Amino acid sequence: MILYEFDYERPASLEQASAHLRRLGDSARLAAGGTDLFPGMRVANERPATVVSLGALSPAPPTRQPDGAIRIDALTRLAAVADSELIRDAAPMLALAASVVASCPIRHMATLGGNLCQDTRCLQLNQKHDYQFKPDCYKRGGAVCYPFPNNPPGTCWSVHLSDTAPALIALDARVEIIGGAGSRWASVESLFSGSGMKPLRLAGDEIVRAIVVPAPAARFGWGFRKSARRGGLEYGASVMSVALTAAEATQTCRSARIVIGAIRERPVRALQAEQMLSGAALDAETIAQAAAAVAKEISPLPHHGFTRSYIRDDIRVKIARVLREAADRALGADGQKGEADRG
Amino acid sequence: MDNALRIKGTRSQVVEICVNDEWHEVSVRPRHMLVEVLREMIGLTGTKDGCEQGACGACTVLIEGAPALSCMTLAVDCEGKHVRTVEGLAPDGRVSPIQQAFLDQGAVQCGFCTPGMLMSITSLLERNPRPTVPEIKKALDGNLCRCTGYNAIVDAVLQASGQGVEPLMK
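Listed in order, the protein sequences are those of chains A and C. Numbered per my numbering, the first sequence spans residues 1 to 343. Numbered per my numbering, the second sequence spans residues 1 to 170.
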């Protein structure tokens with residue numbers, strides 16, 4: 001299928017790109033790797049009059065800052081994130097999360113910033129063919145929602161399927177955003193609006209420039225799992241990410257962050273389970289209780305053929321294993337870093 | 001390549017792309033994807049145009065040594081870059097070791113996925129000359145073979161990397 005004619009801008013810097021977006025408004029879209037935008041343009045989900053391509057900009061290599069945090073250029077390819085010695089050493093959860101995204105060629109094209117800023121998806125929205133003539137849904141400006149006909153106008157239950165976002169939120173990462181008013185900082189968590197219509201809290205001319213992952217505290221442990229059927233080139237039924245720290249010289253948990261992605265319009269935190277864990281002993285009983293609490297408090301949307309009850313049960317079983325992994329790492333029972341665990 | 005560029009959608013721009021060590025000047029519009037330029041303007045039809053949405057991997061080429069899906073890469077973005085296609089694996093008409101391994105292992109059925117597979121494997125072997133079976137499968141997770149002949153393809157990679165597989169057809 002041949003794409004329609006669109007204008008092309010190739011800025012020489014991110015500031016220039018932001019200026020283009022400001023000038024062109026809603027009619028322009030930014031393409032970094034293009035792996036989310038161009039398939040969307042093929043099925044006419046997106047029809048920007050201008051594509052602002054960041055293809056000429058090369059990312060700065062990841063660096064360790066004086067405070068131990070890791071700064072990663074938003075244009076770093078996911079394959080480079082997964083293979084970077086520095087990131088594998090300092091934030092192995094992020095390297096693992098980047099290595100399970102989509103497929104090998106896509107990981108070499110797609111960027112970390114683009115993975116965060118990808119659009120939400122739903123089967124109806126993203127599996128349209130060019131021979132189908134259906135009235136547009138809410139997200140495309142129409143007056144109907146096909147998968148959820150009872151949804152009121154303006155409610156779009158499309159799902160944010162990023163694999164790296166839950167890991168970055170669990171690691172309490174921050175992003176540097178540049179726009180018309182200069183640069184500002186925000187937590188990755190606050191980047192997401194929770195609305196399927198407009199999933200990102202970014203103004204029209206704002207671009208994510210860098211992601212900064214803070215240095216982990218003492219006795220830090222992590223666990224990550226993408227629940228998927230094939231283990232390659234697919235969206236997760238859910239993406240589970242856990243970061244916890246153990247209290248000094250005890251078997252108890254000091255603080256925990258549990259983030260579940262690919263179940264709602266944004267990655268969600270299981271706040272009640274986090275509270276239940278903090279101050280509690282990291283034993284089998286607590287972990288089973290916390291896993292049940294996670295499954296109870298989340299409210300997954302059915303997506304990509306997975307039902308609500310399947311996703312909930314799947315998370316209840318697998319988050320317990322992820323919590324166990326994180327607890328073992330925090331308590332020092334497991335010195336291994338970055339072992340792959342998917343499926 | 002750090003110069004800013006602006007093209008109207010209905011205008012063409014001449015860009016230079018190095019394909020298989022040969023520079024080509026092609027006149028492209030913004031909407032032209034690299035696969036269209038390779039197949040229709042340069043005439044290298046080895047690269048296949050499959051799903052056009054990044055799911056099948058038949059259009060995989062190497063851009064600056066890294067595997068990329070040419071159906072999702074704007075041709076203008078490839079200005080000044082080195083692209084390798086399946087034709088570049090056999091520059092003088094002699095098959096490369098990985099192509100010979102595909103023949104020996106019967107890893108070609110209908111052949112539509114083969115050019116993409118070969119490019120993904122070429123990139124893998126350049127990064128990792130002796131990959132394990134899980135590493136091979138991970139590197140090929142973006143290339144679909146609808147004849148489902150994956151085992152023979154994995155065997156072919158093992159043979160090409162000198163890891164002892166009995167040739168099927170010799």
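Note that these hints are calculated values from the structure, not bench results. Note that this is a predicted model, so its numbers are computed, not measured. Just so it is clear, CB atoms sit at the ideal spot from N, CA and C, and this is done for glycine as well. Treat the hints loosely; a few may be bogus.
[Claimed, not checked] Chain A stretches covered by chain C per the calculated footprint, using a threshold of three residues with CB under 8 Å from any CB of chain C:
1. 2 to 8
2. 11 to 21
3. 50 to 61
4. 105 to 117
In terms of beta carbon proximity below 8 Å, does the segment 2 to 8 of chain A have 3 or more residues touching chain C? holds (count 7)
Just to make sure I understand the rule, a stretch counts as covered if three or more of its residues have a C-beta closer than 8 Å to a C-beta of the chain. Does the segment 50 to 61 of chain A meet that for chain C? holds (count 4)
Please verify the coverage claim for the segment 105 to 117 of chain A: does it have three or more residues whose C-beta sits within 8 Å of some C-beta in chain C? That given contact holds, which follows from 4 residues of the segment 105 to 117 of chain A lying within Cβ reach (below 8 Å) of chain C.
For the segment 11 to 21 of chain A, do three or more residues have a beta carbon lying closer than 8 Å to a beta carbon of chain C? holds (count 3)
Checked against the numbered hints given earlier, the structure satisfies every one of them.
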